[in-house]
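Chemist: Could you put together the complete structure from these sequences and hints?
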Amino acid sequence: MQQPGRKISGLGRARVRYLAAAFLLTALAWSQSAGDKNFVIMAPVGNVQLRAGAAKNVAMDFRIGSDYHINSHTPKSPLLIPTELKLTPPQQIAVADVKYPAGQDETFPFSPDEKLNVYSGDFSIDTLLKAPANTPPGTYPVKGELHFQACDKSACYPPRSLPIQFQVTVVK
Amino acid sequence: MRRNAVVFIALVVAVMAMLASGKYLDRARKHGPLKLVGDVHGVQAPDFTLTSLDGRKVRLSDFRGKAVLLNFWATWCPPCKVEMPWFADLQKQYGKDGLIVLGVAMDDTEPATIAKFANELGVNYQVLLGTDQVSDDYGDVQYLPTTFYIGRDGTIVDKMTGLLDRKDIEDAVKKVLNSKAQPVNGPPSQTRVAQKSNAMKTVEANEPRPEDIATPGLTDR
Numbered sequence: 495m496q497q498p499g500r501k502i503s504g505l506g507r508a509r510v511r512y513l514a515a516a517f518l519l520t521a522l523a524w525s526q527s528a529g530d531k532n533f534v535i536m537a538p539v540g541n542v543q544l545r546a547g548a549a550k551n552v553a554m555d556f557r558i559g560s561d562y563h564i565n566s567h568t569p570k571s572p573l574l575i576p577t578e579l580k581l582t583p584p585q586q587i588a589v590a591d592v593k594y595p596a597g598q599d600e601t602f603p604f605s606p607d608e609k610l611n612v613y614s615g616d617f618s619i620d621t622l623l624k625a626p627a628n629t630p631p632g633t634y635p636v637k638g639e640l641h642f643q644a645c646d647k648s649a650c651y652p653p654r655s656l657p658i659q660f661q662v663t664v665v666k
Numbered sequence: 261m262r263r264n265a266v267v268f269i270a271l272v273v274a275v276m277a278m279l280a281s282g283k284y285l286d287r288a289r290k291h292g293p294l295k296l297v298g299d300v301h302g303v304q305a306p307d308f309t310l311t312s313l314d315g316r317k318v319r320l321s322d323f324r325g326k327a328v329l330l331n332f333w334a335t336w337c338p339p340c341k342v343e344m345p346w347f348a349d350l351q352k353q354y355g356k357d358g359l360i361v362l363g364v365a366m367d368d369t370e371p372a373t374i375a376k377f378a379n380e381l382g383v384n385y386q387v388l389l390g391t392d393q394v395s396d397d398y399g400d401v402q403y404l405p406t407t408f409y410i411g412r413d414g415t416i417v418d419k420m421t422g423l424l425d426r427k428d429i430e431d432a433v434k435k436v437l438n439s440k441a442q443p444v445n446g447p448p449s450q451t452r453v454a455q456k457s458n459a460m461k462t463v464e465a466n467e468p469r470p471e472d473i474a475t476p477g478l479t480d481r
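Same order as they appear, the protein sequences are chains A and B. One point on numbering: in this note's numbering, the residue at position 124 of the first sequence is 618, and numbering is uninterrupted. One point on numbering: in this note's numbering, the residue at position 86 of the second sequence is 346, and numbering is uninterrupted.
Please keep in mind that the hints were generated in silico from the structure rather than gathered at the bench. No experiment lies behind these values; they were computed from the predicted model shown. Nothing false has been slipped in among the hints.
Only part of the chain A face toward chain B is listed, based on derived beta-carbon distances under 10 Å: (1) Asn565; (2) Ser605; (3) Leu610.
Restricting the straight-line Cα-Cα distance to at most 30 Å, the calculated cross-link-like pairs of lysine-lysine (DSSO-like) are: (4) A:Lys647 <-> B:Lys352; (5) B:Lys376 <-> A:Lys647; (6) B:Lys376 <-> A:Lys609; (7) B:Lys352 <-> B:Lys376; (8) A:Lys647 <-> B:Lys434; (9) B:Lys435 <-> A:Lys647; (10) B:Lys435 <-> B:Lys317; (11) B:Lys427 <-> A:Lys647; (12) B:Lys356 <-> B:Lys427.
Using C-beta positions, here's what the derived DEER-type ranges look like: (13) B:Arg426 <-> A:Lys609: 17 to 27 Å; (14) B:Glu430 <-> A:Glu608: 19 to 29 Å; (15) B:Asp425 <-> A:Lys609: 18 to 28 Å; (16) A:His641 <-> B:Gly382: 24 to 34 Å.
For each residue, glycine too, the CB sits at the ideal point set by N, CA and C.
Modeler: Structure (structure tokens):
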């Protein structure tokens, strides 16, 4: 049985939901803004299946925030900090090769006469993983980081490292 | 039903409060409370002693009575390169009026590399080697270039982040040159010191921030 004074109309319920959603969004936005700045995010690599004695290409996919760019792996000046992928696999797995994409030559409002070689938007780094023939079957964690330095159109941020972690399952 | 909604909202608020306090406490545990927080205008500029490129110890308070342009920069910061020749010009033009430009290099690079970089840009002012401590003291300087304009009485007259027009910089220089020096042996004047109670209002909150870039299919690691 409903009590007349406690009834919330459909419109009232909607308001409460909107209010709750607004609070949640505010909380999420706040937690983002107060924490580390996420200039670059990474798509999940998933579980990589690798046959013992074989090699496999694994792409690492990244996305840079829309207002930002990072130096490519080969910036035009030795003073600029290059983007670098560092993987530290266990001894049963080897990183045979890392291929960086070419950067784009771009000018920015802060240096209209100087082109910088940068990544912006989405980019992928291709890695070649190998497991020796004698690698016991099993799952091996691979850790690493993407080291980069981001700027926007008027300023730059100190270098950052994005942690990377995925698993490689070696099968016979 | 209404009670459930109120409880839910209270829970959300509590979570926000915990997030806020957690972030602050975590930061405070690592670095100590920020000294320069919130609105820094009129706040006493934190004193520091830093090493110059030629190995001398330079203390900010030694320049009391002068107008100080304190510029945080780095060799890996292309926008910083644009401002530095302007600062050199301003030092030349307004040095006789009491302007002191100090560059604080927030690099991990060798001093010789920093010196070469500065020389190539025609820097004629003192460049000091930055430290995490001075960055923290000035509100965790994470956005380069960041420039503080410190009045003759040692208080902050202006703070500017990011690359601006030369005119904006020169206007700020003129403003800081017009600041009044504190009378010798006088009272602490009208300066104020950033209080711990301001600590939740970080300088970062006033600065541009990356957008959230959460995108379906991509996760933040």
